[in-house]
Every structure is written in C-alpha cells, then in structure tokens.
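Chemist: Following the hints, complete the assembly by docking chain B with the ligands onto the known chain A.
Order-wise, the sequence lines are chains A and B. Residue numbers are given in our numbering: position 264 of the first sequence equals residue 264, and the series is strictly consecutive. Residue numbers are given in our numbering: position 112 of the second sequence equals residue 112, and the series is strictly consecutive.
No lab work stands behind these hints, which were simulated from the structure alone. Errors might be hidden in some of the hints.
Derived Cβ-Cβ restraints for the label pairs, each shown as a range [unchecked claim]:
1. B/6 x A/126: 39 to 45 Å
2. B/138 x A/61: 44 to 50 Å
3. A/308 x B/39: 29 to 35 Å
4. A/133 x B/136: 37 to 43 Å
5. A/280 x B/40: 42 to 48 Å
6. B/13 x A/82: 36 to 42 Å
7. A/305 x B/40: 20 to 26 Å
Some residues of chain B that are not near chain A, with every Cβ distance over 12 Å (derived) [claimed, not checked]:
8. 12
9. 15
10. 29
11. 70
12. 93
13. 94
14. 98
15. 118
16. 119
17. 136
18. 143
19. 151
Stretch-level coverage of chain B by chain A, calculated; a stretch enters the list once three of its residues show a Cβ under 8 Å from a Cβ in chain A [as the list claims (entries may be wrong)]:
20. 22-28
21. 53-59
22. 79-89
Beta carbons: idealized from backbone N, C-alpha and C, even for Gly.
Listed below, chain by chain, are the residues.
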Amino acid sequence: MRPFTYLRAPDVATAVRAISAEPGAKFIGGGTNLVDLLREDIEQPGTVIDITGLPLTGVEELPDGGIRIGALVRNSHLAAHRLVTTRYPMLSQAILSGASPQLRNMATTGGNLLQRTRCLYFYDGAAACNKREPGSGCDAIGGFNRQHGVLGVSDDCLATHPSDMCVALAALDATVETRSEHGVRRIPLVDLHRLPGTTPHRETVLAADELITAIELPPPPSGAVSRYRKVRDRASYAFALVSVAAVLKVRDGSVSTVRLALGGVAPKPWRAYAAERALLAAPATEESFTRAAEAELTAATARPGNAFKIELARRTIVATLRDLLAEGSAA
Amino acid sequence: MRLNFTVNGRAETVDDVWEGESLLYVLRERAGLPGSKNACEQGECGSCTVYLDGVPVCACLVAAGQAEGREVRTVEGLADGDRLDPIQQAFVDAGAVQCGFCTPGLLVQAHDLIERVPRPSDPEIREALAGNLCRCTGYEKILDAVRLAAERKAGAR
Ligand SMILES: Cc1cc2nc3c(=O)[nH]c(=O)nc-3n(C[C@H](O)[C@H](O)[C@H](O)COP(=O)(O)OP(=O)(O)OC[C@H]3O[C@@H](n4cnc5c(N)ncnc54)[C@H](O)[C@@H]3O)c2cc1C
Ligand code: FES
Ligand code: FES
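In isolation and in its complexed conformation, chain B is listed as follows:
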C-alpha cells in the first residue's frame, strides 16, 4: 500500500508499505529516520518512542496502516535546525548518555513530560519514564538531565 502521513512537519508518501509492518520499520527503513531505535520490538523498552498525533507511543507496536493520515514526530524532529531542544542539551550537559541506544526514546518521552508538567517531581519523572529502559546509566544522570531541562525551561519562560 501507499502510506501517507506527516513526519516532523513534512507530508510523506511511502510506497510498497505492508500494513502489518511496524511504524518503527517504516520510519527507520523506508523514511530515512533511524533515530528511533529498535531494541525489543515488544513494547518493553521504550527505545522506539515517537509522538503519534501528539502523544508518545511505542512505534514498534503500531501497525503501519494505523499511521495513515496521522502526524508523527520523531527524535529527529525535536531540534530546531542546529539548535538542540532543551531536553537534548540537558542530556548532553548532565552526561545522561552512554551507549545511546535508549536515548532517542527517553528524549521524546521526557520532552512530552516537561511540556505537560513544567516542574515535575522526582516520582513524576520516574513514573513518566518507567517504560524506558536503560542498561548503562543507572538512571541517575537521566533524572538529573530531566530536572535540568525542566529548570532551564521554566527559567526561560
């Protein structure tokens, strides 16, 4: 089938898509957007988190057909040109990235959190990121990064 959807603000048409393949596969293998990662393919790890119509979902469990006509925003769509989004900058500054495999999913999920909850408490951060697994960092630096991004964003307002 032909899939029509919007990715990072741009209308995309992708041909020869099989409806049963995942949105993650379409993004990585057909739309040239390998930022979202494929780790578990079971909804367990959150590495594939993207916005679908404005809410974060696991792209590995979205059938391609379900994305028809909808709006997707991936980690590639967070930065404004060369200017990193505050959450991305905070991950860099706080040292929240090691191997980086979990990072794109965490960025999208954390981005959504601080959009909705400008000053999240620690339990709120933990709960919001519960579906994003990281094998490297032990999470402390990730929490630091989210707090830092929230502070900077609140300061800039």
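This is chain A alone, in the form it adopts within the complex:
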C-alpha cells in the first residue's frame, strides 16, 4: 500500500471542499472495498477522506410516501429498518443476500453504489485490464469469463457490477443525490453507472469531486408484490451469477405494473426495459414471462465461459415472475 494523507471530514461542506482541493483524493465509507483495493495497489489516492462522521446516517419518510436514505447508512441497518422491511422488502432481501454480516455491518449505502468489479483480472496486477490500466487489453476475453457479463459489455471489458443492493434500487426507481462545490445534483440510479464501451475505466457519470449524500425512493407501487432472487454457486456468501429484482401487479389477468432489473450479467445494475415493454398489458402467463425474458436477452452476447448465463437469466426471470404471480393472487 502506498502512503497517503488521511483526513476526517466532520461535515458535508468540509468533505466536498477537501475533495475538490485534492485531485485524485478518495472518500472512504465502510472501507470494505477501498481498503482492499488500496492494499492491492489498484487504487492509489494521494489523500483519503474519511466520511463516516458525516451526519448522513438517517432513513426518513418523505411526504410523498417514499423514503430518503443517507449515504452513510450501513447496509445491515438499512436492511433491518422498519420503513424498508415494510415498504420495500425486496431491498432488504437484496442487501441481505450480499456479502456477510460482518461486511454489511461496515458497508455504507454510498460505498455499495460505487464498489468496483470483482473481475479476477481487474484484481490481478499482472493481467491485462483496460479498467485498471486503460489500453492494456482485457484478459477476461479469451480467459476465464464464467463470472462475466452478457449484456452491455464491450470488446474492451466484460466485467460486471457486483452489487445486489443496486439491482433492487434500479427496479425501485431510485434517485441518487450528490453534492460538490458546484451544488446539488439528482441522478436516476439507472443513469449513474456507465457502460464500458471503449473507456471501461470510466465507471459512473460522477465527477471526481462529487459526494453521494443520499438515495431517494418513490413510494412503492400500490398493490404490487416484489422479490429479489439471486442465483449463485452456493447458498450464501457468493456473488451473483444471475439475479432478478422484480415488481409485479396484475389486474384482471393482465400485467398492469412491472419493473424488472438484473444483476450479475452486466457492467451496471441492468434495468430490463425491453422485458418490461413486452410485459406491460400482456396476459400474466408463463408464455408472456418467457417472451419478455427473451425480448431482453436477444441483445445478449456470450463468451465460452458464460454462455450459460443467458439461459440462466431467462429461467430466473420467468421463475421470479411466476412466484410473484402466485404470491399476488394469494394476497
């Protein structure tokens, strides 16, 4: 690990001032990702700004029935919060399916959004990786790519975004709020992360000096049921091969509301708009679910190691919607 200067920010204004004064500085939240990346010499900031003392630790109800989540709320706290377990149970499920209790106890909301890929070649300093070292190539292409993406990837990068929480947030129409010396910005979560294209090292639309302050969720669609389903190599404590966050409401046998997002298959939390379009107003049947999944996955591109993910994603989407249909009619 290289030496760096360590600053502690007592308030948002100080944090924002400090980061704009130090090009290349990084915020540290829970540190569960950054400490690892510092130790691996993948992140090399000259200054690290500890933001865990900022007063952004609340979960509040908004007048419209939505909620506002402070950027420093710990993942375990958020998953257990009454406003989340009662109104957005899918978000609790997603968070609790990620990492381990110890890691969730440290991890923050803001850090979870900006956690970096778990691609093995990104972590391996001896490997070619356009994300870590622009222009060096991508050893995942032609290498071990079983964990890698099938949607939104490019010829320069196959890495996936590893967050479970973000997949639920994408399906819940979350908005990210940021602060910098230039003021406050509100960014739909689905627009926060970029696709790799030819610049996989540019991962989000945030400027280097922007602090994430909060996430807001609109009220959950009334009468809808929701679920997060994660498929992985073991029952707990593993990153997703494929995951599905789904919100469904059926009226008179037809789909009246649907929101679908996928994890484990793309460089960003993947909102499945094509599937949603295919489902809206369609009869709520297994055939419609299959057609919708296929509509989303026609754009998928596979490598030898991860071709199975396309079929796995199709089946997981259908199974999740089928379960929600049963749950919705039982209610």
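Modeler: Showing chain B with the ligands alone in chain A's frame:
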C-alpha cells in the same frame, strides 16, 4: 498518528500508527492482542472478526484511522477473567476447535448472534456464520457449539 480508542473496556493510546494500516494490524502488532487472526486480509474468511461499536466487523478491512474514538471488543474481551464466556465454553465442550485459526472470529460472530437471537434456528446460525470460513471442522461441531451455548444461556436466564 496517535490512535485513541477503547479496547475491551480500556482506553488505549497507540503511537506511530499509520492511518492506512488495518485495525487488525494495530490490535495484533501494536496493542498486544493477537487473538484476532489474520488469514485472508480480504474480508473473505472472518478470522479477524471483532466488535466495533458493538457490531461485528472484519478488522482487516477497517483502516486504523476509522477506529479513532471508537470502541473495540476482541475475542480477548469475551471471557470474564478466568471464566470463559458461554460461547467459548461451548466450543470447548462440543469439540468445535481443531487448528483454531478460525475460532476467535467465530466466537465473536457467534457471541453476537446469541446476544441478539437467544434461540437461533439452524438456518439463522448458518446465515450468521456464513462469513466465517473453517478449513478443518466441516462446521457440524461449530453448529453444535452454537446450539449448546444458546441452550445454556437460555437455561440460565
Ligand atoms: C468478501 C466480500 C464479499 C462480498 N460479497 C458481496 C455480495 O455478494 N454482494 C454485494 O452486493 N456486495 C458484496 N461485497 C461488496 C460490499 O457490498 C461492498 O464492499 C460494500 O458495499 C462497499 O461499501 P463501503 O462503504 O465499505 O465502501 P468503501 O470501500 O468505503 O468505498 C467504495 C468506493 O466508494 C467510494 N465512496 C464511498 N462512499 C462514497 C460517497 N458517499 N460518495 C462518493 N464516493 C463514495 C469510495 O471512494 C470508494 O471508491 C462483498 C465484499 C467482500 C469483501
Ligand atoms: S482476515 Fe479479515 S476476513 Fe479474513
Ligand atoms: S479449526 Fe482450523 S480453520 Fe477452523
């Protein structure tokens, strides 16, 4: 820098700490508390689990600077003098220790579980301990130990 924090109920001041080193390093190499183990240094194995302000975390991923002013409780802080905590006694009685490398982390994590959930179900135990890896025992004796400790604790109440 100088790090001020509380360890196992005692105020500690440690000098010459570099903020980027881990809390685990500070505990083991500077504070004379080698109970918490360093196995993976990546948050994968849970051997380094300690309480930080009352919740278990992986000390290997906590930057020393983040512990400033906070309260740490390590495996050394579970026993009451020579009297083992029920979870420690149960690990001994159930034969849940082989090489012992994973044990300190498991003890802290299991201690937290039975504090919060007095009668945990098997799935609850498995999920709570999912972040603690053991290469020796195959986990069955560890599950036995947690059940035993929970029973004894509930019985004593
Ligand atoms: C062994 C292991 C297994 C894991 N398994 C899973 C899993 O199955 N599913 C899953 O979803 N996740 C998993 N994770 C990842 C974990 O969820 C993330 O490490 C965690 O959410 C990151 O949060 P943090 O607060 O610790 O981030 P930090 O490490 O503090 O920060 C991460 C990044 O975000 C930036 N940042 C932090 N806060 C802000 C802010 N407010 N504004 C601007 N920038 C900010 C930092 O500068 C840094 O670049 C796993 C991690 C480990 C170590
Ligand atoms: S040493 Fe910290 S989790 Fe393995
Ligand atoms: S007893 Fe050896 S690792 Fe668990």
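Chemist: If a hint holds in the structure, say so; if it doesn't, say that too.
Modeler: Against the structure, the hints:
For residue 6 of chain B and residue 126 of chain A, the hinted distance range of 39 to 45 Å is satisfied, since their beta carbons lie about 42 Å from each other. At about 47 Å, the CB distance of residue 138 of chain B to residue 61 of chain A agrees with the hint of 44 to 50 Å. Between residue 308 of chain A and residue 39 of chain B the Cβ separation comes to about 32 Å, which falls inside the hinted range of 29 to 35 Å. Distance hint for residue 133 of chain A and residue 136 of chain B: a CB-CB separation of about 39 Å, consistent with the stated range 37 to 43 Å.
For residue 280 of chain A paired with residue 40 of chain B, a C-beta distance near 46 Å keeps the hint of 42 to 48 Å intact. In this structure the hint that residue 13 of chain B and residue 82 of chain A lie 36 to 42 Å apart at CB holds, the actual value being about 39 Å. Range check, residue 305 of chain A to residue 40 of chain B: about 25 Å between beta-carbon atoms, so the 20 to 26 Å window is met. Even its closest Cβ contact with chain A, about 19 Å, leaves residue 12 of chain B beyond 12 Å, as expected for a residue assigned away from the interface.
No beta-carbon of chain A comes within 12 Å of the beta-carbon of residue 15 of chain B; the shortest separation is about 16 Å. In this structure residue 29 of chain B is separated from chain A by more than 12 Å, as the shortest Cβ-Cβ distance comes to about 15 Å. Residue 70 of chain B, annotated as away from the interface, has a beta carbon of chain A within 12 Å; the closest lies near 10 Å. Every beta carbon of chain A lies more than 12 Å from that of residue 93 of chain B, the smallest distance being close to 25 Å; the non-interface claim holds.
Residue 94 of chain B, annotated as away from the interface, keeps every beta carbon of chain A farther than 12 Å; the closest lies near 22 Å. The Cβ of residue 98 of chain B sits about 21 Å from the closest Cβ of chain A, beyond the 12 Å cut-off, so the non-interface label holds. No Cβ of chain A comes within 12 Å of the Cβ of residue 118 of chain B; the nearest lies about 17 Å off, and the non-interface call holds. The beta carbon of residue 119 of chain B sits about 18 Å from the closest Cβ of chain A, which is more than 12 Å, so the claim that it is off the interface holds.
For residue 136 of chain B, the non-interface assignment is confirmed: its Cβ lies about 18 Å from the closest Cβ of chain A, beyond the 12 Å cut-off. Non-interface call for residue 143 of chain B relative to chain A: holds, since the shortest CB-CB distance, roughly 14 Å, exceeds 12 Å. Even its closest Cβ contact with chain A, about 22 Å, leaves residue 151 of chain B beyond 12 Å, as expected for a residue assigned away from the interface. For the stretch 22-28 of chain B, the proposed coverage by chain A is not satisfied: 1 residues have a C-beta within less than 8 Å of a C-beta in that chain, short of the threshold of three.
Here's how the stretch 53-59 of chain B fares: 4 of its residues keep a CB closer than 8 Å to some CB of chain A, so the rule of at least three is met and the hint holds. Note: the stretch 79-89 of chain B has 0 residues with beta-carbon separation from chain A under 8 Å; the three-residue rule is not met and the coverage is violated.
The structure fails hints 11, 20 and 22 (numbered hints given earlier, in ascending order).
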